[in-house]
Amino acid sequence: MHDPPHHGGHSHQHPLEAHGADGEAEGLDCPHTPSYLRPPVAGRAQSDSGSDISLPLGRSVEFELPSPVSPSRPRSPWALFDPYNNNEDQDKEYVGFATLPNQVHRKSVKKGFDFTLMVAGESGLGKSTLVNSLFLTDLYKDRKLLNAEERITQTVEITKHTVDIEEKGVKLKLTIVDTPGFGDAVNNTECWKSVADYIDQQFEQYFRDESGLNRKNIQDNRVHCCLYFISPFGHGLRPLDVEFMRALHEKVNIVPILAKADTLTPIEVKKKKFKVRPFLLKEEIEQYGIKIYQFPDCDSDEDEEFKQQDLELKESIPFAVIGSNTVVEAKGKRVRGRLYPWGIVEVENSTHCDFIKLRNMLVRTHMQDLKDVTRETHYENYRAQCIQSMTRMVVKERNRNKLTRESGTDFPIPMVPGVAESETEKLIREKDEEVRHADRAPDSVPDREHESHQSSEQQEPSDPRDDRER
Amino acid sequence: ISHGHGGSHSSSGGSTLLGYIGIDTIIEQMRKKTMKTGFDFNIMVVGPSGLGKSTLVNTLFKSQVSRKSAGWARDEKIPKTVEIKSVSHVIEEGGVKMKLTIVDTPGFGDQINNDNCWEPISKYINEQFEKFLKEEVNITRKKRIPDTRVHCCLYFIPPTGHCLRQLDVEFMRRLSHSVNIIPVIAKSDTMTIEERQEFKQRVRKELENNGIEFYPQKEFDDDMEDKSDNDKIRETMPFAVVGSDKEHQVNGKRVLGRKTAWGIIEVENPNHCEFAQLRDFLIRSHLQDLKEVTHNIHYETYRAKRLNDNGGLHPISSNDTQESNL
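Here the protein sequences come in this chain order: P and F. Just so we're aligned: the first sequence equals residues 1 to 470 in this note's numbering. Just so we're aligned: the second sequence equals residues 1001 to 1326 in this note's numbering.
In short, the hints are calculated from the structure, not lab data. It cannot be assumed that every hint is accurate.
[Claimed, not checked] These stretches of chain P come out as covered by chain F in the derived footprint (C-beta under 8 Å, 3 or more residues):
(1) 183–190
(2) 225–237
(3) 334–346
[Claimed, not checked] Straight-line distance between alpha carbons at most 27 Å, and here's what the computed BS3-like set of lysine-lysine pairs gives:
(4) F:Lys-1259 with P:Lys-333
(5) F:Lys-1085 with P:Lys-331
(6) F:Lys-1246 with P:Lys-270
(7) F:Lys-1227 with P:Lys-271
(8) F:Lys-1123 with P:Lys-271
(9) P:Lys-331 with F:Lys-1062
(10) P:Lys-271 with F:Lys-1085
(11) P:Lys-357 with F:Lys-1259
(12) F:Lys-1246 with P:Lys-275
(13) F:Lys-1123 with P:Lys-270
(14) P:Lys-275 with F:Lys-1253
(15) F:Lys-1097 with P:Lys-271
Just so it is clear, the structure is predicted and the values come from calculations on it, not from any experiment. Cβ atoms here follow ideal geometry from the backbone N, Cα and C, with glycine treated the same way.
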């Protein structure tokens, strides 16, 4: 198992050194940079560096020394990479902001990360096992499997399991959203609806929080990635698979998985991938209408090995995975796998399945990108749609009621889809009130804020705020 | 020595024949006749696409007998409704000819909405009964009525490892009274031995809870010997099978199997899967019984229902088209 090379900072050619020769300050008298604040110059006397370079613009540059030098910083994995550690960099003078990524990372590490992963697919495809294998947990300990009779009346549920994982000082709050009942009924028409509704609800909640007044501790429950499990038993994508992906590809990053891949011989895996891929390529969106999560293209200055890996990753979609959380003996070593009379399947053996690729992609290389795409594309789409439909309604409201509204904020307020007009009006009025109260009595804002969340989410007919307003 | 007419020899416990008559040669005569005329066997395979139905049938009969090999492309799209496609072959072994018909049901269970997807299948089965009935009821009957009735229905259960799906229960519940259903667990190389045992137990329990009588049905056991044999079989069902039409080299022998990166799954190895058991059960021991149960029980049930409903069927010429009264 090897990590892809860390492609953090490249050495910056600071423009400052260009006029090192004339030693001309830009009109401001700055003291020389004290040597303990300069990036460490290993093994060379400071006087070698030629004429003194004074800092332009008199700005105070805050130096954060890279952690190997400064013992007070917590040792985090990112701090190990010191952008100024190359030999060639020792000759040059730097401002030192190339450590900014380190600073960002250190702050995030302290705060911890969160990630919401959804798993969808028919039951019996190994979703729970795979989740447990990916994150080395046992999220489904007390699960009770329903039999066929009990499932008759079951509709598609949405369940959430949260687990806090910590590794090498980095904390991850992982939420797994499961969809039991999906595709299990005889008639599965629109069984993806509750899944789509759930995703929309998370967007809506975030939208409200974002538009609210107390934004310090927003909970981000938006679904960052959806692993869709394709059955290995079919002849490729089934109608249900196509419909699900079509309904959800604009709301969430879909990563298709070929489940229980130990059912297939290597040739069959190739054939199946070959059959499924045309539906998933972005070039074919015109024909099939499915847009799965696209891996970002490599920058042109990445090294060859990285590019090669990236290409392999893209070619492996859909990932053929096997999951297991039991340890078996194989060739004298203990591995995670499945024991059959005819051999042992090793989960972490890349000749057996794509589990390693999936894990690396999901956790080690693309987790941040998945979150970014969710935030920048899917959430923004939702928000834009929401605002559009809301402004339309507000305009209609205004024209219809001819209310004499005081000031009336025009900023968009999240609207619960399908809610009656009067509710919208109420919500808008509540928000107006809130803003006015915020101007008058700042300390009462948090309570109101909290209440407005509650009341608007529950849509109680007896709203305590109404009494206050009327 | 005088015998009763018609060969009914009333023999009480201790009487012995005073000479050898040769009654037992009738078995040999039957055998010769059967070999000359050959016999029919019609097997239906039901299950969602991709479960290896065609491959299994090919493996069972050691020849390319399924729809897959009859020229239909395997990459065809899933049909919008359940279709019934039958392919017939004559295979011969040891001088015995068998006209084998495989009835396939593409589209079953593949749609998003699978309501009533069992109806075309039920209709087909009843149509075959109807055909036979019409022939039987004719004034001038054919010497040998062509038998297209479905003798056996292999129902393929997806190896989810959890339990039966609603669709499985619905199908088997409705059809176990018109045809012999033999449930099999398809592509069972996806489960470890323990998972397989647990799954089978759960499936059996569910079948029992839903009152589904699969073949061999308990109520048709003739005698104690039958019962004990069949009990053993019922304990092992549904058979967890793996199919393959490719041969590989294992320990110097050529065997049918599937080659993976972690080992070769031998189809006929009883430690690997239960294909050999299914084959022996289906072909080597119970083939004739399947036909008999179909004829004596399922067909008779259908016939009785038809005759009762119509107030008696009149013998008709084969040109009449009479709608089956379902």
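To see whether the hints hold, each was checked on the structure:
Only residues whose beta carbon comes within less than 8 Å of a beta carbon in chain F count, and the segment 183–190 of chain P has 6; three or more means the coverage holds. For the segment 225–237 of chain P, the stated coverage by chain F holds: 5 residues have a C-beta nearer than 8 Å to a C-beta of that chain, and at least 3 were required. With 9 residues having a beta carbon nearer than 8 Å to a beta carbon of chain F, the segment 334–346 of chain P meets the requirement of three or more and the stated coverage holds. For the given pair, Lys-1259 of chain F sits about 23 Å from Lys-333 of chain P by alpha-carbon distance, which is consistent with the 27 Å threshold.
With a C-alpha separation of about 48 Å, the suggested pairing of Lys-1085 of chain F with Lys-331 of chain P is violated against the 27 Å cut-off. Distance check on the hinted pair: Lys-1246 of chain F and Lys-270 of chain P sit about 17 Å apart at the alpha-carbon level, within 27 Å; holds. At roughly 46 Å between alpha-carbon atoms, Lys-1227 of chain F and Lys-271 of chain P are farther apart than 27 Å, so this suggested pair is violated. Taken as a hint, the Lys-1123 of chain F and Lys-271 of chain P pair is broken in the structure, with Cα atoms around 36 Å apart against an allowance of 27 Å.
Straight-line distance between C-alpha atoms of Lys-331 of chain P and Lys-1062 of chain F comes to about 36 Å, which puts the hinted pair past the 27 Å bound. Distance check on the hinted pair: Lys-271 of chain P and Lys-1085 of chain F sit about 26 Å apart at the alpha-carbon level, within 27 Å; holds. Between Lys-357 of chain P and Lys-1259 of chain F the CA atoms are separated by roughly 23 Å; this keeps the pair inside 27 Å, and the hint holds. Between Lys-1246 of chain F and Lys-275 of chain P, the direct Cα distance comes to roughly 22 Å. Compliance with the 27 Å bound is thereby established for this hinted pair.
With a CA separation close to 39 Å, the supplied pair Lys-1123 of chain F and Lys-270 of chain P exceeds the 27 Å bound. The hinted pair formed by Lys-275 of chain P and Lys-1253 of chain F fails the criterion: a straight-line CA distance of about 34 Å is larger than 27 Å. Annotation: proposed proximity of Lys-1097 of chain F to Lys-271 of chain P is violated, straight-line Cα distance about 37 Å (limit 27 Å).
Checked against the numbered hints listed earlier, the structure breaks hints 5, 7, 8, 9, 13, 14, 15; every other hint is satisfied.
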